[in-house]
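Start from the sequences and build out the full structure, keeping to the hints where you can.
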Amino acid sequence: MADIVCGLPPILILEQYIEFSERSYNMINSGVFDYVNVLSKAADAAWERNELLVNNYSNANTPGYKRKDLDFSTQLREALGNSRYESVDAKVARAADLNIKARVYTDSANFSYRLDGNNVDPDTEGVELASNQIFYNGIIDSINQEFANLKMVIK
Numbered sequence: 000m001a002d003i004v005c006g007l008p009p010i011l012i013l014e015q016y017i018e019f020s021e022r023s024y025n026m027i028n029s030g031v032f033d034y035v036n037v038l039s040k041a042a043d044a045a046w047e048r049n050e051l052l053v054n055n056y057s058n059a060n061t062p063g064y065k066r067k068d069l070d071f072s073t074q075l076r077e078a079l080g081n082s083r084y085e086s087v088d089a090k091v092a093r094a095a096d097l098n099i100k101a102r103v104y105t106d107s108a109n110f111s112y113r114l115d116g117n118n119v120d121p122d123t124e125g126v127e128l129a130s131n132q133i134f135y136n137g138i139i140d141s142i143n144q145e146f147a148n149l150k151m152v153i154k
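Just so we're aligned, residue 0 is where the sequence shown starts under numbering that gives the first Met the number 0, counting upward by one.
Wrong hints could be hidden among the right ones.
Claimed, not checked - Simulated pairs of lysine to aspartate or glutamate, EDC-like, Cα-Cα distance not exceeding 20 Å:
1. 65 x 85
2. 67 x 50
3. 67 x 120
4. 67 x 43
5. 67 x 115
6. 65 x 47
7. 150 x 77
8. 65 x 120
9. 65 x 33
10. 65 x 106
11. 65 x 122
12. 67 x 33
13. 90 x 77
14. 150 x 33
Unchecked claim - Using C-beta positions, here's what the derived DEER-type ranges look like:
15. 50 x 73: 15 to 21 Å
16. 73 x 120: 19 to 25 Å
17. 105 x 151: 22 to 28 Å
18. 149 x 116: 47 to 53 Å
19. 103 x 144: 28 to 34 Å
20. 111 x 149: 17 to 23 Å
21. 114 x 139: 40 to 46 Å
22. 62 x 154: 58 to 64 Å
Derived by calculation from the structure, the hints in this document are not laboratory data.
The structure presented is a predicted model; accordingly, all values stated were derived computationally and were not measured.
Yeah, the Cβ is synthetic: ideal placement off N, Cα and C, and Gly gets one too.
So, in structure tokens, the structure goes:
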């Protein structure tokens, strides 16, 4: 009786575990998480952009400081491609497999609002920060919706 767990012989428990593991592996590799993976990359980029915008704002009075920004949309657009004959699911699956990285760049490096060489406009940074926060919240809502859809399918 010592080798029976939960009323089942150990061999049946092991078989059920293996079956569950195979189903989980198949589900994970089926592409069901492709949208979540791409959205996660977008959320990471939005978070990184938020940090850059806050850094710009905090350096608004630093002589010679040049504002920095982040470009993720161009890299995502290139990863998704622009084929009219390919489904969105296929594009997202391809993009999920790629290592999409946001590109940090110095914005208007030769342009300055002031004589000290600084090109940060605090008002513009505030607007960009608010816009980026709305974008980030939208991405998080989309990720939550994807998981809610998965949860509904599993039930």
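Against the structure, the hints:
Distance restraint check for residue 65 and residue 85: the Cα-Cα separation of roughly 41 Å exceeds the 20 Å cut-off, and the hinted pair is therefore not satisfied. Proposed proximity of residue 67 and residue 50 is supported: the alpha carbons are some 10 Å apart, at most 20 Å. Between residue 67 and residue 120 the alpha-carbon distance is near 12 Å, which keeps this suggested pair within the 20 Å criterion. A threshold of 20 Å between alpha carbons decides the hint, and for residue 67 with residue 43 the separation of about 17 Å falls inside it, so the pair holds.
Our distance criterion of 20 Å between C-alpha atoms is met by residue 67 and residue 115, whose separation comes to about 17 Å. With a C-alpha separation of about 17 Å, the suggested pairing of residue 65 with residue 47 holds against the 20 Å cut-off. For the given pair, residue 150 sits about 31 Å from residue 77 by alpha-carbon distance, which is inconsistent with the 20 Å threshold. This hinted pair checks out: residue 65 and residue 120 have alpha carbons roughly 10 Å apart, not beyond 20 Å.
Restraint check for residue 65 and residue 33: not satisfied, since their Cα atoms lie roughly 37 Å apart, outside the 20 Å limit. Proximity of residue 65 to residue 106 is assessed by CA-CA distance (about 7 Å); at most 20 Å being required, the pair is judged to hold. Distance restraint check for residue 65 and residue 122: the Cα-Cα separation of roughly 15 Å lies within the 20 Å cut-off, and the hinted pair is therefore satisfied. At roughly 30 Å between alpha-carbon atoms, residue 67 and residue 33 are farther apart than 20 Å, so this suggested pair is violated.
Restraint check for residue 90 and residue 77: satisfied, since their Cα atoms lie roughly 10 Å apart, inside the 20 Å limit. Between residue 150 and residue 33 the CA atoms are separated by roughly 16 Å; this keeps the pair inside 20 Å, and the hint holds. About 19 Å separates the C-beta atoms of residue 50 and residue 73, a value consistent with the hinted range of 15 to 21 Å. One distance hint, 19 to 25 Å for the beta-carbon pair residue 73 and residue 120, holds here, with the actual separation near 23 Å.
Checked against the hint of 22 to 28 Å, the pair residue 105 and residue 151 fails, with Cβ atoms roughly 45 Å apart. Between residue 149 and residue 116 the beta carbons are some 51 Å apart, a value that agrees with the proposed interval 47 to 53 Å. For the pair residue 103 and residue 144, the beta carbons lie near 29 Å from each other, so the given range of 28 to 34 Å is met. The hinted window of 17 to 23 Å between residue 111 and residue 149 is violated, with their beta carbons roughly 50 Å apart.
For residue 114 paired with residue 139, a C-beta distance near 41 Å keeps the hint of 40 to 46 Å intact. Checked against the hint of 58 to 64 Å, the C-beta distance between residue 62 and residue 154 comes to roughly 60 Å, which is consistent with it.
The structure shown violates the earlier hints numbered 1, 7, 9, 12, 17, 20.
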